[in-house]
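Those sequence lines, one after another, are chains C and X. Read in the working numbering, the first sequence has 116 at position 105, and its numbers run on one by one without any break. Read in the working numbering, the second sequence has 45 at position 37, and its numbers run on one by one without any break.
Heads up, some of the hints might be wrong.
[As the list claims (entries may be wrong)] Derived Cβ-Cβ restraints for the label pairs, each shown as a range: (1) X/R90 / C/V24: 43 to 53 Å; (2) X/D67 / C/G61: 15 to 25 Å; (3) C/T37 / X/E71: 20 to 30 Å; (4) C/E88 / X/K26: 31 to 41 Å.
[To be verified] Chain C side only, calculated, beta carbon under 10 Å to chain X, not exhaustive: (5) V21; (6) A23; (7) F40; (8) G42; (9) S44; (10) Y46; (11) G61; (12) G64; (13) A95; (14) S96; (15) A100; (16) G106; (17) Q112; (18) G113; (19) E115.
Everything labelled a hint here was simulated from the structure, so no lab data went into it. Just so you know, even glycine gets a beta-carbon here, dropped at the ideal spot from N, CA and C.
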Amino acid sequence: GQSLEQPSEVTAVEGAIVQINCTYQTSGFYGLSWYQQHDGGAPTFLSYNGLDGLEETGRFSSFLSRSDSYGYLLLQELQMKDSASYFCAVRDQGGKLIFGQGTELSVKP
Amino acid sequence: EADIYQTPRYLVIGTGKKITLECSQTMGHDKMYWYQQDPGMELHLIHYSYGVNSTEKGDLSSESTVSRIRTEHFPLTLESARPSHTSQYLCASSERDSFSRASYEQYFGPGTRLTVT
Numbered sequence: 012g013q014s015l016e017q018p019s020e021v022t023a024v025e026g027a028i029v030q031i032n033c034t035y036q037t038s039g040f041y042g043l044s045w046y047q048q049h050d051g052g053a054p055t056f057l058s059y060n061g062l063d064g065l066e067e068t069g070r071f072s073s074f075l076s077r078s079d080s081y082g083y084l085l086l087q088e089l090q091m092k093d094s095a096s097y098f099c100a101v102r103d104q105g106g107k108l109i110f111g112q113g114t115e116l117s118v119k120p
Numbered sequence: 009e010a011d012i013y014q015t016p017r018y019l020v021i022g023t024g025k026k027i028t029l030e031c032s033q034t035m036g037h038d039k040m041y042w043y044q045q046d047p048g049m050e051l052h053l054i055h056y057s058y059g060v061n062s063t064e065k066g067d068l069s070s071e072s073t074v075s076r077i078r079t080e081h082f083p084l085t086l087e088s089a090r091p092s093h094t095s096q097y098l099c100a101s102s103e104r105d106s107f108s109r110a111s112y113e114q115y116f117g118p119g120t121r122l123t124v125t
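Please construct the entire structure, taking both the sequences and the accompanying hints into account.
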């Protein structure tokens, strides 16, 4: 079977740093993606890790450890606009995505 | 800028009606996908296509069907809508696999929120 686990919700204050973890059990793993979705909106791509290590894109970073079947998304200098749902997704070799249940991030002033 | 469009954005329809949800993209992407998402839940892949005349069922069983006659167009059809079909349907597209990081990204349309009464 295929499963991804991530926390259902996280709360943090503006300016803080937050880490959203994702563990997975899948067959045919090719990489881990992260998507952001604001309430009622379309998911938007944040990052992708195909190899172990850290990928940095502005305030967002993502990490992958294939041996531990684990990854995380790190959000720095949190802003109110970062309040959204964040999904990790396993990518298979054909490019299909299997999504986790999502983590709802609430940023407080 | 991603150019992927879905119509209608909202649809309320009675049980038993046939409906087609439209999805078009102007990026020339080979791969297209349909996802179903209930409020506060994850996205489930219901159909995908890797090119013209290629369609496959996804991981979540669905009574819908799809077609891919043109690269840019990937409509989803429900022959007889039921209340259990009430959900949001999201269409996405991506480039064919390459060494470019751009091929890892799926671009999503705004979604169609379907309510079957």
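Okay, the hints, checked on the actual structure:
Take X/R90 and C/V24: their Cβ atoms lie about 45 Å apart, and the range 43 to 53 Å holds. For X/D67 and C/G61, the hinted distance range of 15 to 25 Å is satisfied, since their beta carbons lie about 21 Å from each other. Between C/T37 and X/E71 the beta carbon distance is about 26 Å. The supplied range of 20 to 30 Å therefore holds. Distance hint check: the CB atoms of C/E88 and X/K26 are about 50 Å apart, inconsistent with the given range 31 to 41 Å.
Among the interface hints, the one on C/V21 is violated; its C-beta lies about 15 Å from the nearest C-beta in chain X, farther than the 10 Å criterion. Residue-level restraint check for C/A23 is violated (minimum Cβ-Cβ distance to chain X is 19 Å; threshold 10 Å). Hint status for C/F40: violated, given a least beta-carbon distance of 14 Å to chain X, over 10 Å. Interface restraint check for C/G42: the shortest CB-CB distance to chain X comes to about 7 Å, inside 10 Å, so the restraint holds.
Hint on C/S44 holds. Least Cβ distance to chain X is approximately 7 Å, under the 10 Å limit. Because the closest C-beta pair between C/Y46 and chain X is about 8 Å apart, less than 10 Å, the hint holds. The beta carbon of C/G61 comes within 7 Å of a beta carbon in chain X, closer than 10 Å, and the hint placing it at the interface holds. Hint status for C/G64 relative to chain X: violated, with the closest Cβ pair at about 14 Å, above 10 Å.
Below 10 Å, beta-carbon pairs count as interface contacts, and C/A95 has none with chain X, the closest being about 12 Å; its hint is therefore violated. The interface hint given for C/S96 is met, as the beta carbon of that residue sits about 8 Å from the closest beta carbon of chain X, less than 10 Å. With 10 Å as the threshold, the beta carbon of C/A100 comes within range of chain X, its nearest partner Cβ sitting at about 8 Å, so the hint holds. Among the interface hints, the one on C/G106 holds; its C-beta lies about 6 Å from the nearest C-beta in chain X, closer than the 10 Å criterion.
Contact between C/Q112 and chain X, as hinted, is supported at the beta carbon level, the nearest pair being about 5 Å apart and thus within 10 Å. Proximity of C/G113 to chain X holds as hinted, the smallest CB-CB distance being about 6 Å (cut-off 10 Å). Given the 10 Å rule on beta carbons, the hint for C/E115 holds: about 8 Å separates it from the nearest Cβ of chain X.
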